[in-house]
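*Asks:* Listed below, chain by chain, are the residues.
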Amino acid sequence: MMETVAEETVITATRADRSLSNVTVPTSVIQAKSIQNAGMIKLSDVLQEQSGIIVTAAAGSSAIGGGVFGNGVQIQGMNPDYTLIMLDGEPITGRQGGVLDLTRFAIGNIRKVEIVKGPSSSLYGSEAMGGVVNILTDQRRQNQSKFSFRFGSFRTLDGFASLNREIGKSSLYVFGHYNRSDGYDLTPETSIKTIDPHRDYAVQLKWTYRFSDKTRLVWSNRFFSGVQKSLFSINQESLEINGNGTTTDLNINPVLYHRWNQKVNSTLRFYASLYRYDQSLLQEDGVVYYADDFIQQYYRVEQQNDWEITKNIQFIAGAGYNQQVVETMRYRDVQSQHIGYVFSQAEIKINKKWTIVPGLRYDANSAYESRLSPKFSTLYKINGKSGITASYGGGFKAPDFRQLYLSYANPAAQGYRIFGANEFSLQNMENELLAGTLAQILPEAYLITTLSPEISHGFNVGYNYRHPKQNLSWEVNLFYNDIQNLINYLPVAIQSNGSFVFSYKNTKRAFTSGVECNLSGNLRKNISWSAGYQFLFTGEQAVISAIRDEKVFGRNRPTGSAQIMKLSDYSGLLGRSPHMANVKFEYTFPESDWSANVRAIYRSRWGVVDLDGNGFANMEEEFAPGFVNVNMSVQKTFKKMYTLQLAVNNLLNHMDEVNAPNMAGTGVMATFICQFSNQ
Amino acid sequence: MFRKLLLLSVFAGMVMVFTTSCSDEDSQPVEATVDISVSAKPTGTFTFFNFEKGQVVTGDTMIKTAEWDFGLELVTFIVNGGQDRVGQGGAIILDNTLEGVTEAPETGYKTDNGTDTAIKDEWYTYNPVARTFTPKAGKVFVFKTAKGKYAKMEVLGAVPTDDNGAVVVPPVVPTKIKYTIRYAFQPDGSRNF
Chain A
6 MMETVAEETV ITATRADRSL SNVTVPTSVI QAKSIQNAGM IKLSDVLQEQ
56 SGIIVTAAAG SSAIGGGVFG NGVQIQGMNP DYTLIMLDGE PITGRQGGVL
106 DLTRFAIGNI RKVEIVKGPS SSLYGSEAMG GVVNILTDQR RQNQSKFSFR
156 FGSFRTLDGF ASLNREIGKS SLYVFGHYNR SDGYDLTPET SIKTIDPHRD
206 YAVQLKWTYR FSDKTRLVWS NRFFSGVQKS LFSINQESLE INGNGTTTDL
256 NINPVLYHRW NQKVNSTLRF YASLYRYDQS LLQEDGVVYY ADDFIQQYYR
306 VEQQNDWEIT KNIQFIAGAG YNQQVVETMR YRDVQSQHIG YVFSQAEIKI
356 NKKWTIVPGL RYDANSAYES RLSPKFSTLY KINGKSGITA SYGGGFKAPD
406 FRQLYLSYAN PAAQGYRIFG ANEFSLQNME NELLAGTLAQ ILPEAYLITT
456 LSPEISHGFN VGYNYRHPKQ NLSWEVNLFY NDIQNLINYL PVAIQSNGSF
506 VFSYKNTKRA FTSGVECNLS GNLRKNISWS AGYQFLFTGE QAVISAIRDE
556 KVFGRNRPTG SAQIMKLSDY SGLLGRSPHM ANVKFEYTFP ESDWSANVRA
606 IYRSRWGVVD LDGNGFANME EEFAPGFVNV NMSVQKTFKK MYTLQLAVNN
656 LLNHMDEVNA PNMAGTGVMA TFICQFSNQ
Chain B
1108 MFRKLLLLSV FAGMVMVFTT SCSDEDSQPV EATVDISVSA KPTGTFTFFN
1158 FEKGQVVTGD TMIKTAEWDF GLELVTFIVN GGQDRVGQGG AIILDNTLEG
1208 VTEAPETGYK TDNGTDTAIK DEWYTYNPVA RTFTPKAGKV FVFKTAKGKY
1258 AKMEVLGAVP TDDNGAVVVP PVVPTKIKYT IRYAFQPDGS RNF
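Chains A and B are the protein sequences, given in the same order. Under the working numbering, think of the first position of the first sequence as 6, with each following residue one higher. Under the working numbering, think of the first position of the second sequence as 1108, with each following residue one higher.
Looking at chain A on its own, in the form it has when it is part of the complex:
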């Protein structure tokens, strides 16, 4: 990342291109070069190596749910549901169980990935609570073509081709990608594979037309299709289950840019996205074992204007409207939502050293309470090398379709049922009690009501230092996020078959806080290094005060007697590692086109399950073990056109089927990249 310190720009932090050193909120950028040099296939693998980002793996077998719910990102200790993920500035749809599977994104067409940490709902609305990840795809005004072919462990084959062409007033970018793998099995003794065999392809077509110097249209289309094959046995391996899960994803995204004069620019964006996941698993006797069909349509129109009011005041204002339609067997009807919003932001340079950025957004919608999201951030440049940033932001996450409209009965014998808050009916429960299908209505059933958005207040204070000549930089950022109205499922009734009926309610309040540090520099002329560390402290205020009052109990072992818990027993929210660290060394051989890098990440243990009913992990059995993951790669470029790369991933062969199914054992990957440019 250090190769571009000087002129690195970022668009996601303020919705306008700004130099990274002038940005008032914690922001990091991963350049295509770093991604390519890492020698990895999936975006999630690349993100995992960034400071303060944890790629969470969905628990459970890949056959049902696991493979679908995929890998999400945790930023500043916030759940994957609370990070907005965008492709070229447009929200990516197709969240399942709240998690967006990052393995859907090829990295061959990525120009850079921008990550903004902390609440950004003042610019982007719902979901931008923990942060925003914006994946920006390639587009350049030069004739270029690029091919890549790689193969490696688990019979992985991956290839892409891209083409940039300038034709008169048009620029054309075409990208095609194919990937297949046999998947892998961390527990060969069971018939269910950890990651099922899969194959997918993606096509992207981007067309830029310049009407004049002032007006241009960028029309991007992307299509993705992936298939995952499941084959396993149940009932003591006596009954074979076979089937496919198919994901299709189509995005259409025309954007019109117009420059009215030197000081005023406008952007008009249209976006349509169609996502479908269709899984069908059949028993060998033809009986349906499991079926799911999820279709999500998302349409958006948005208009944004940028004014340079004076040399020191930049103003942005915009408005948008979106409609979402979701259809699944798990909802009673086709469900839709409409959201209208307005946003504005000013960047005010008070003097040469001091900048302030206030912003505000209002979201009005059809299904839940409307929301006003403010943000205020500031940068003070102490001198040419160092600066202090501080920000406050409000974030929110709308109740998702599942929390509102789910109406699902687990088809397994003695299955549970779960109802979204809008689908839950106390009258129906009482009728069922009379009919005898329910054994008992629990007191919680009377508390189910209209859901409110989950909201957060985030605070960040940072210091950064960059010495351009020595290529040395370090930054530290403290953060605190107060999250309220967290939506949880809770049991509302007991069925006469003994299992439960669940619904959703705004219940908890929690916080995530910590500090993130990043350092980078040159060891010698040929060796560059970077290191990062995050300390994370999370929890629920109510639990902490109950522990202080000696009202919280727990066990020291799974069937031990209850003990009074002390603050030292409290590990905060599940799924959070208090410590994570990364270190990277890159060696560039002088006078030749060789380079090599080695990267290590560390994640300390994290709570995964609550076995004693106190809501947090306190005994050994409730934690997943920490790990170190080491990856390395070597590459050589010939004639500035051909690159040969060899990568070894997970060198220490860390495997944990239950807690880290996304990490295969040690794998090797060979890549050949070919790039032709002519002006």
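Please note that a few of the clues may not be correct.
[As the list claims (entries may be wrong)] Derived Cβ-Cβ restraints for the label pairs, each shown as a range:
1) 275/A - 1223/B: 58 to 66 Å
2) 415/A - 1143/B: 23 to 31 Å
3) 1275/B - 177/A: 54 to 62 Å
4) 1269/B - 339/A: 40 to 48 Å
5) 1152/B - 304/A: 35 to 43 Å
6) 1143/B - 367/A: 55 to 63 Å
7) 1143/B - 633/A: 41 to 49 Å
8) 1274/B - 476/A: 56 to 64 Å
9) 1275/B - 339/A: 32 to 40 Å
10) 415/A - 1269/B: 14 to 22 Å
11) 1272/B - 208/A: 53 to 61 Å
[As the list claims (entries may be wrong)] Keeping only pairs whose Cα atoms sit at most 30 Å apart, straight-line, the calculated DSS-like set for lysine-lysine is:
12) 1254/B - 513/A
13) 1217/B - 556/A
14) 571/A - 1148/B
15) 1246/B - 571/A
16) 1227/B - 510/A
17) 1227/B - 513/A
18) 556/A - 1227/B
19) 1246/B - 510/A
20) 1148/B - 510/A
21) 1285/B - 556/A
22) 1246/B - 556/A
[Said to hold, decoys possible] Partner residues aside, some chain B positions facing chain A, computed with beta carbon under 8 Å:
23) 1151
24) 1153
25) 1200
26) 1228
27) 1232
28) 1241
29) 1242
30) 1243
31) 1244
32) 1261
33) 1264
34) 1267
35) 1270
36) 1286
37) 1287
I should point out that these hints are in silico values taken from the structure, not numbers from a laboratory. Every residue, glycine too, gets a C-beta built ideally from N, C-alpha and C.
Place chain B on chain A using the hints.
*Replies:* Relative to chain A, chain B alone:
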């Protein structure tokens, strides 16, 4: 005046020592940790436990006797007291450790009266994804037995099993649940543990 106060407090102290040692001379509570296997289907086939005998008691018309102190099926507890029961039993759930409860409360025991049951579902959590339920740590059941004596109990564990007692995991549906309970029963009829 001061001497009088001192004398009075010494006397009060002696009385306290006397009364404590007096109750110390009463019989010690009987402590045990036992496994009991109960039905995992809510069909009304309860498993009955008798604290004095320290074991499960069986019989076709057991529910109509005063031979049991609590009954358990899946996650539903019943007590031997209330409008439809013959015993004088009842129960209270306290937030404490088992050791922390040194004396049974004097009053406040709830009984089963139709759908208003003595023990509600506050003592466990259920995870619908893993399909497991977990007895919460720090829930102490204080029972008044069918014959009016006192016992305190905590549930240490609950394991889903099949009819033969072999542990099962989802998606296999359990027919039994093996509970591990730890209790102390005071045979002398006092409320001291």
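*Asks:* Are the hints correct? Go through all of them and say.
*Replies:* Here's how the hints hold up against the structure:
Between residue 275/A and residue 1223/B, the C-beta spacing of about 60 Å keeps the proposed range 58 to 66 Å intact. A beta carbon spacing of about 28 Å between residue 415/A and residue 1143/B agrees with the range 23 to 31 Å that was offered as a hint. A hinted range of 54 to 62 Å for the beta carbons of residue 1275/B and residue 177/A is consistent with their spacing of about 60 Å. For residue 1269/B and residue 339/A, the Cβ-Cβ distance of about 42 Å falls inside the hinted range of 40 to 48 Å, so the restraint holds.
Residue 1152/B and residue 304/A have their C-beta atoms about 56 Å apart, which leaves the hinted 35 to 43 Å range violated. Between residue 1143/B and residue 367/A the C-beta distance comes to about 59 Å, which sits within the given range of 55 to 63 Å. At roughly 45 Å, the beta carbons of residue 1143/B and residue 633/A sit within the given window of 41 to 49 Å. At about 59 Å, the beta-carbon gap between residue 1274/B and residue 476/A stays in the expected band of 56 to 64 Å.
At about 39 Å, the beta-carbon gap between residue 1275/B and residue 339/A stays in the expected band of 32 to 40 Å. At about 20 Å, the CB distance of residue 415/A to residue 1269/B agrees with the hint of 14 to 22 Å. For the pair residue 1272/B and residue 208/A, the supplied restraint of 53 to 61 Å holds, since their beta-carbon distance comes to about 57 Å. Among the hinted pairs, residue 1254/B with residue 513/A is inconsistent with the structure: their alpha-carbon atoms are about 43 Å apart, more than 30 Å.
With a C-alpha separation of about 23 Å, the suggested pair residue 1217/B and residue 556/A falls inside the 30 Å cut-off, and the hint holds. For the given pair, residue 571/A sits about 38 Å from residue 1148/B by alpha-carbon distance, which is inconsistent with the 30 Å threshold. A distance of roughly 17 Å separates the Cα atoms of residue 1246/B and residue 571/A; the hinted pair therefore holds under the 30 Å criterion. Only pairs whose Cα atoms come within 30 Å are accepted, and residue 1227/B paired with residue 510/A is accepted, the gap being roughly 21 Å.
Restraint check for residue 1227/B and residue 513/A: satisfied, since their Cα atoms lie roughly 23 Å apart, inside the 30 Å limit. This hinted pair checks out: residue 556/A and residue 1227/B have alpha carbons roughly 20 Å apart, not beyond 30 Å. For the suggested pair residue 1246/B and residue 510/A, the alpha carbons sit about 25 Å apart, so the restraint of at most 30 Å is met. The suggested pairing of residue 1148/B with residue 510/A holds, with an alpha-carbon distance near 28 Å, which does not exceed 30 Å.
A hinted pair counts as satisfied when its Cα atoms are at most 30 Å apart, and residue 1285/B with residue 556/A qualifies at roughly 28 Å. Simply put, residue 1246/B and residue 556/A have alpha-carbon atoms about 11 Å apart, close enough for the 30 Å limit, and the pair holds. Of the supplied interface hints, the one on residue 1151/B is violated, with its beta-carbon coming no nearer than about 10 Å to a beta-carbon of chain A, more than 8 Å. Nearest Cβ of chain A to the Cβ of residue 1153/B: about 14 Å, over the 8 Å cut. The hint is violated.
Interface hint at residue 1200/B: violated, since its Cβ lies 12 Å from the closest Cβ of chain A, which is beyond the 8 Å cut-off. Annotation: residue 1228/B was flagged as interfacial toward chain A, and the flag holds, the nearest CB pair being 6 Å apart, inside 8 Å. Below 8 Å, beta-carbon pairs count as interface contacts, and residue 1232/B has one with chain A at about 5 Å; its hint therefore holds. The interface hint given for residue 1241/B is met, as the beta carbon of that residue sits about 5 Å from the closest beta carbon of chain A, less than 8 Å.
Satisfaction of the interface hint for residue 1242/B is found here, the shortest Cβ-Cβ separation to chain A being roughly 7 Å, below the 8 Å cut-off. Hint status for residue 1243/B relative to chain A: holds, with the closest Cβ pair at about 3 Å, below 8 Å. Because the beta carbon of residue 1244/B sits about 4 Å from the nearest beta carbon in chain A, less than 8 Å, this interface hint is met. With 8 Å as the threshold, the beta carbon of residue 1261/B comes within range of chain A, its nearest partner Cβ sitting at about 6 Å, so the hint holds.
Checking residue 1264/B against chain A by beta carbon gives a least distance of about 4 Å; that is within 8 Å, so the hint holds. With a least beta-carbon distance of about 11 Å to chain A, the hint placing residue 1267/B at the interface is violated under the 8 Å criterion. Given hint, residue 1270/B at the interface with chain A, is violated; its Cβ is 15 Å from that chain's nearest Cβ, farther than 8 Å. With 8 Å as the threshold, the beta carbon of residue 1286/B stays out of range of chain A, its nearest partner Cβ sitting at about 10 Å, so the hint is violated.
For residue 1287/B, the interface hint holds, the least distance from its beta-carbon to any beta-carbon of chain A being 5 Å, beneath 8 Å.
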